[in-house]
Amino acid sequence: MLKILDFFNYARSRSPWIVHFCSGCCSLEMLAAMGPRYDWERYGYVMTPTPRQADIIFITGLVSKKILPALLRTYEQMPEPRYVVAIGACAFDGGPYNDSPSVIKNMTEILPADVFVAGCPPKPEAIVAGLEELKEKIKRGEPSASSQGGLWKQMKF
Amino acid sequence: MREKLKEIIGRYDVEYIEDYRSWVKAKLKNKEDLLPLIKELKKAGVKSCSTVSPTDFIDENRIEVNYFLENLNPTKSSKEEEKVNVWLKVDLDRDLQNCEIDSITPIMPSANYHELEAYSTFGVKFRGHPNLRYFLISRDYYGKFPFRKDFDFKEHEKNLIENINAITDEFLEEFEEHEKTIGHEGSRTVLHWGPTHPASGPIRLKVFTNGEIIEKVEPDIGYVWRALENLVERKDFIGAIVAVERICFMDNPNPMICYSEAVEEIAGKEITPFAKYMRVILGETGRIASHLISMGSFFGTMGLQTFLMWCLDVREYFLDVLEDYSGARIATSCIEPGGVRYPLPDPEAWFNEIDKAIKKWEKVKPDIEDIFLKNPLMTKRAKNTGVFTLEDVEEYFLAGPVARASGAKIDVRIDEPYAGYADLEMDYVTCENGDARDRLYIIVKEVDQSIGLIKQAIEKIREGIEKGEMNPSKDHLIKMPKKLPAGESVRRIEWARGEILMHLVTQDKATSPYRLKIKTPSVNHTMMLENLLPGHTLSDIPLLYGSMHICQGDLDR
Amino acid sequence: MSVGSMLFYIFVFPGLLFLLLWTFFVFYFARKTLAYLHKRVGPHYNGPAGSLQTVWDIFKLLTKESITPKSADPYLFNIIPIITPIIAALPVILIPWTPLINDGRAILDTEYGVLGLVVLIGVEPFLLFLTGFGSNNKYSFLGGMRILAQMLSMEAPFFLAALSPALLFGTMNLYEIMQNSTWLTSLILLPGAIIYIIAMLGILEQPPFNIPDAEQEIVYGFYTEYAGTNYTLLKFAEFTEILVVSAAAVVLFFGGYRGLFFDSFWWLFLKVALIALIIVAIRASNPRLRLDQMLKFCWSWLTPLAVLNLVWIIFARLYLLGA
Chain A
1 MLKILDFFNY ARSRSPWIVH FCSGCCSLEM LAAMGPRYDW ERYGYVMTPT
51 PRQADIIFIT GLVSKKILPA LLRTYEQMPE PRYVVAIGAC AFDGGPYNDS
101 PSVIKNMTEI LPADVFVAGC PPKPEAIVAG LEELKEKIKR GEPSASSQGG
151 LWKQMKF
Chain B
1 MREKLKEIIG RYDVEYIEDY RSWVKAKLKN KEDLLPLIKE LKKAGVKSCS
51 TVSPTDFIDE NRIEVNYFLE NLNPTKSSKE EEKVNVWLKV DLDRDLQNCE
101 IDSITPIMPS ANYHELEAYS TFGVKFRGHP NLRYFLISRD YYGKFPFRKD
151 FDFKEHEKNL IENINAITDE FLEEFEEHEK TIGHEGSRTV LHWGPTHPAS
201 GPIRLKVFTN GEIIEKVEPD IGYVWRALEN LVERKDFIGA IVAVERICFM
251 DNPNPMICYS EAVEEIAGKE ITPFAKYMRV ILGETGRIAS HLISMGSFFG
301 TMGLQTFLMW CLDVREYFLD VLEDYSGARI ATSCIEPGGV RYPLPDPEAW
351 FNEIDKAIKK WEKVKPDIED IFLKNPLMTK RAKNTGVFTL EDVEEYFLAG
401 PVARASGAKI DVRIDEPYAG YADLEMDYVT CENGDARDRL YIIVKEVDQS
451 IGLIKQAIEK IREGIEKGEM NPSKDHLIKM PKKLPAGESV RRIEWARGEI
501 LMHLVTQDKA TSPYRLKIKT PSVNHTMMLE NLLPGHTLSD IPLLYGSMHI
551 CQGDLDR
Chain C
1 MSVGSMLFYI FVFPGLLFLL LWTFFVFYFA RKTLAYLHKR VGPHYNGPAG
51 SLQTVWDIFK LLTKESITPK SADPYLFNII PIITPIIAAL PVILIPWTPL
101 INDGRAILDT EYGVLGLVVL IGVEPFLLFL TGFGSNNKYS FLGGMRILAQ
151 MLSMEAPFFL AALSPALLFG TMNLYEIMQN STWLTSLILL PGAIIYIIAM
201 LGILEQPPFN IPDAEQEIVY GFYTEYAGTN YTLLKFAEFT EILVVSAAAV
251 VLFFGGYRGL FFDSFWWLFL KVALIALIIV AIRASNPRLR LDQMLKFCWS
301 WLTPLAVLNL VWIIFARLYL LGA
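Chains as they are written, first to last, in this note's numbering: chain A, 1 to 157; chain B, 1 to 557; chain C, 1 to 323.
Hints listed in this document are in silico derivations from the structure and should not be mistaken for laboratory results.
What the simulated footprint calls covered on chain C by chain A, stretch by stretch (three residues with Cβ under 8 Å from a Cβ of chain A suffice, anywhere in the stretch; the number is not a length):
no., region
1, 31-39
2, 51-57
3, 63-75
4, 213-226
We put the beta carbon where it would ideally sit given N, CA and C, even for glycine.
Sequences are here, hints too, so could you generate the full structure?
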């Protein structure tokens, strides 16, 4: 039984599909990571048009207050097991927009991320490296950080 | 032209009229004079409102509203006839009841969103605006006017969860309202194109459709609102670069040029010729990088990813150029007040890198032309779709490639040269029809133009070094004063997507900007969608939206 | 027919296992070819040259949560993904796959082969419409409506083109059509084949006619709400349909499994793969059409041409083949 579960965990780690959701500038580097030079499809990453078929959601840099409900709703629409990858400084503490009145500063407190990729914006190599780390986590069968807690459960969306 | 405009403005009660670069700057004493004056100005040829920018002078208890009215004159080149713009100022009371002025939207439709923005952020009420509502800001700021100097956002931040819930409530209320008004009978419905939509990016178009036919479109923006204009007020003059460059990462260097020139003007400094040409090279590289994405996503909106991939392939080489110089691919921060940030110890090595990128583009170009630009299915879809006439350009102030696709001779690089453009040879690139396909073609033409400009600038730098006039390892930056005097300046630049206007206000011994208004082209282009989309089918939304080259980053700021 | 061979037909060839292998192959093939045309690499690290990528994808999808949205009709939403692959897989019994089975005939060798084929292919879109209807999502529903409009119009030229070999050879039996075909008949049938392939792109929702699941317009059309197993089943149905329709094209127009020097399944497979390559190449170089443009193209060009093609076939049968 354990072996079978391990096999499925392995399969899951090998085909992470990512929902198409962009809320900030870092999505531009995601585009580059999709492009010919970095081509993350080599590792099996694919963008899906709807959250229903996705495994991973990206917090692409800044999250403004207005888009947060949409982000959480998209996250909620994804089927279990689902993982969150935060990229860019903004996703950690607001980054360059730390003083801004309209950007969420504690995004990873609201929706805890499994992997955090640093940079402003992180280079495509870094994004792919971060995803590779997430693969290890999925392979070990660990539950995602966002399912453990986070402020998002108290919010209405 | 200048004398004529001065004469018109002089008929009214004004504090002063003066010449300022390409502007005629005047301050009205009575706010009642504004509407008749603007009517006359429109007759005289100043037909477009660039932006409406209030400045909050809390110590003097007044809000000064600046109107930037531009004379686009799209049929004439600025070499034949100077394009003189008008900059009007009006003082208003600061308290919320009396902070009122007549709306100019009925006369100049291009002011529409700018007035809404001024109302939402400063609380300036515009009498007679067709649909005055809160706009851009999120629900929790309704009625609080966050850009006023006395707004305490730290206090506001404490109730994060309540604020978010308020935003959600707004969506739910809107949903209920649509359920009531439209219901489930018949073929009418509301589709939300964005912000989770695969092709939209963070913007929401409320599309009222009847089957596949669009009846009405209401853009809902503010999903990437970072309040940059407010943010720079808390940074110093160099630190503000970080905020300014983040208007949109697709074309990153150009907004920094605009801001830097505005600061330099207040400081009264002139940068070195070397820095000027470096700004040209960096700016044009940024423009090409941006255009390559625009081009690719034009086809991406019709479900064809190949072209996007090919463009991204070329774009990487242009990003290499930026990375080589500044160490970052897209967040370069490479231009700052006083010149450009880094010296260029080995110019030839960097020029080689540029050469490589240009060669890559020239190698791909014939294939692109054969396979994609002449594609019959693309022609079928994009030709004669979404046509803009020259009147539209003036009426709604379409800028940049979108205007030039209609044949408008508008280009700030020629009309009001900045950086090193005055010494470079260039002409307007235009297309004729102004349909969606021409908005693709113009971009391809502009990439070629930019490459030409880069080559010229490189030549100039090489000549300068040979003659010993330029020293690439020392000339890049001049010393800027720590504190700036009181003053204000307006700068325009030609950004990849159109004209950026920055209005910088400083106070005496300032270490940070007092007010920075950033006018970006995507606001007007989004405004245009309301008029453009009705009557088309659902399939045309992504195509027309993509053909306007809208970037949400500069739409919301 | 013995029970053993029946089980073999159902579960191994040309049944479940074969169709699964085909799905794995075509998914991988399409992604790799498309990536090559994109100047990318495509799946590379999972398995030799990325060949196991689809396997992992499918096993992952099977273990994902299968969501039934609150607003959807639970019965319709969940039953259609089970019916659709079955309907899509049914036509395989009508197609002669290989000389090794049943003396080279189809498993169900009937006089009404062509008729059965087009009817079974024609039923599919209505099921896909029901997925969009059952999802009760605006985008899914729009996708469903679009698929109906597209199918109703595209099936006319499709049927007419599929009819042309039957008219030429005077039989609807697929085996006989295949056996009678020669280089000359293939040449005569070429206009019909081109119309068939264009209409096929419409039936299979491939670019430039991928209007019902247009990502940029209506998210993912009727697939929008489907997750996990249901999505896998629908995708499986889609790829099975691609196989069936293109194998039908090969049998009807290009001589099925007959080839140079020897007759074998691999000839048929090669021809199907070539058609798949054409589909991918069109996908990589052409943008999507608008719904009204597609309808106009279909009714004012493709259908009249398909009718003219029939006239040409009858002329050829009377005067060229001298029947």
